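Given the sequences, and given the hints that come with them, work out the whole structure.
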Amino acid sequence: MSDRRAFLARLRMLHDALDFVAAFAASKNLSERDLLRLQLVIEELFTNTIMHGYGKECDEPIEIALRAAPGQVTVQYEDAAGPYDPVRALADSRAQVSAPLEQRPVGHLGVHVIAAIVDDMCYARIGGRNQLQVLMRVAG
Amino acid sequence: MEITSRVYGDMIVVAPTDRVDHATAADFERVVVPLLDAATGPRAGLVFDLDRVTYISSVGLRVLMIASKALRARGARVAVAAMQPMVAEILEICRFGAVVEIFTTVDAALAAMAAGVASSRESPTQAP
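Each protein sequence line maps, in turn, to chains Z and E. Quick note on numbering: the numbering used here labels position 67 of the first sequence as 67, and the sequence is numbered without any gaps. Quick note on numbering: the numbering used here labels position 33 of the second sequence as 33, and the sequence is numbered without any gaps.
I should point out that these hints are in silico values taken from the structure, not numbers from a laboratory. Check before you lean on any hint, since a few could be wrong.
Said to hold, decoys possible - Each computed DMTMM-like pair below joins lysine to aspartate or glutamate, with the alpha-carbon atoms no more than 25 Å apart: (1) Lys28(Z) - Asp120(Z); (2) Lys69(E) - Glu29(E); (3) Lys69(E) - Asp10(E); (4) Lys69(E) - Asp16(Z); (5) Lys56(Z) - Asp10(E); (6) Lys56(Z) - Glu29(E); (7) Lys69(E) - Asp120(Z); (8) Lys28(Z) - Asp107(E); (9) Lys28(Z) - Asp10(E); (10) Lys56(Z) - Glu102(Z); (11) Lys56(Z) - Asp85(Z); (12) Lys28(Z) - Glu63(Z); (13) Lys69(E) - Asp27(E); (14) Lys28(Z) - Glu102(Z); (15) Lys28(Z) - Asp16(Z); (16) Lys69(E) - Asp51(E); (17) Lys69(E) - Glu89(E).
Quantities reported herein were computed from a predicted structural model and do not represent experimental measurements.
Here's what the structure looks like:
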């Protein structure tokens with residue numbers, strides 16, 4: 001069974017999404033570090049969807065499902081924005097973090113934060129929606 | 001989030017607390033940006049005291065990046081100190097060792113800036 005909730009693509013809803021993550025983490029006895037990792041992933045995905053996916057705050061949906069199994073947490077993240085593959089975006093921007101300071105962009109770090117935290121990421125475009133499945137190994 | 005700043009000669013220490021995320025990054029930026037012009041002088045530098053920061057997302061990293069680009073372009077130094085493990089992990093993965101100098105304590109950062117020496121993390125004698 002997974003915990004699933006839908007949120008509107010607004011920054012104040014991000015606060016609710018992070019609370020949703022915190023409640024899930026508490027119910028599964030995740031460590032403080034794993035809670036922070038999970039919240040970071042959700043924050044980066046959520047803000048990417050608002051800023052880049054939908055391009056603005058709006059009442060379009062973001063759906064998050066969380067599932068815990070021994071030693072891992074799975075996140076299924078879905079939005080109805082235009083096609084955006086974070087796995088591809090990460091591959092395309094890997095060179096940027098190694099560039100000299102003057103050439104590094106000020107932003108575009110979100111995908112790197114996500115990739116740093118998760119152990120596996122899988123993207124699919126289905127029925128006009130971006131679907132991302134993320135796997136995070138957790139302590140205990 | 002509370003943000004305090006303290007001045008030590010040409011050097012400024014900024015200390016945010018708790019989370020530097022989408023809810024607080026605008027406040028963080030509002031405090032930091034004016035300080036970029038204030039950090040002047042031959043030993044000018046800005047130190048981010050992250051001892052009480054538990055969480056930083058990419059919006060927070062963006063503010064560090066803005067500070068670094070502005071200060072380094074003028075020959076001033078920028079450092080982070082006293083990072084908690086999770087924050088250190090995030091900065092490491094985003095290769096921020098090339099963006100800011102990294103110190104374990106604020107005192108070490110200020111001492112290095114005052115003496116004009118590099119961060120110990122950059123020392124070639126550091127064990128792998």
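Hint-by-hint comparison with the structure:
Among the hinted pairs, Lys28(Z) with Asp120(Z) is consistent with the structure: their alpha-carbon atoms are about 20 Å apart, no more than 25 Å. Restraint check: the Cα-Cα separation between Lys69(E) and Glu29(E) comes to about 14 Å, which is no more than 25 Å; the hinted pair holds. Proposed proximity of Lys69(E) and Asp10(E) is supported: the alpha carbons are some 18 Å apart, at most 25 Å. With a CA separation close to 34 Å, the supplied pair Lys69(E) and Asp16(Z) exceeds the 25 Å bound.
This hinted pair does not check out: Lys56(Z) and Asp10(E) have alpha carbons roughly 41 Å apart, beyond 25 Å. Pair hint Lys56(Z) plus Glu29(E) holds up; C-alpha atoms about 21 Å apart against a cutoff of 25 Å. Distance check on the hinted pair: Lys69(E) and Asp120(Z) sit about 33 Å apart at the alpha-carbon level, beyond 25 Å; violated. Distance restraint check for Lys28(Z) and Asp107(E): the Cα-Cα separation of roughly 40 Å exceeds the 25 Å cut-off, and the hinted pair is therefore not satisfied.
Annotation: proposed proximity of Lys28(Z) to Asp10(E) is violated, straight-line Cα distance about 49 Å (limit 25 Å). Taking the CA atoms of Lys56(Z) and Glu102(Z), the gap is about 29 Å. The hint is violated against a cut of 25 Å. Our distance criterion of 25 Å between C-alpha atoms is met by Lys56(Z) and Asp85(Z), whose separation comes to about 18 Å. For the given pair, Lys28(Z) sits about 20 Å from Glu63(Z) by alpha-carbon distance, which is consistent with the 25 Å threshold.
At most 25 Å may separate the alpha-carbon atoms for a hinted pair to count; Lys69(E) and Asp27(E) meet this at roughly 19 Å. Between Lys28(Z) and Glu102(Z), the direct Cα distance comes to roughly 44 Å. Violation of the 25 Å bound is thereby established for this hinted pair. Between the alpha carbons of Lys28(Z) and Asp16(Z) the distance comes to roughly 18 Å, so the proposed pair stays at or under 25 Å and holds. With a C-alpha separation of about 23 Å, the suggested pairing of Lys69(E) with Asp51(E) holds against the 25 Å cut-off.
Note on Lys69(E) and Glu89(E): the hinted pairing holds, with a Cα-Cα distance of about 22 Å set against a maximum of 25 Å.
Checked against the numbered hints listed earlier, the structure breaks hints 4, 5, 7, 8, 9, 10, 14; every other hint is satisfied.
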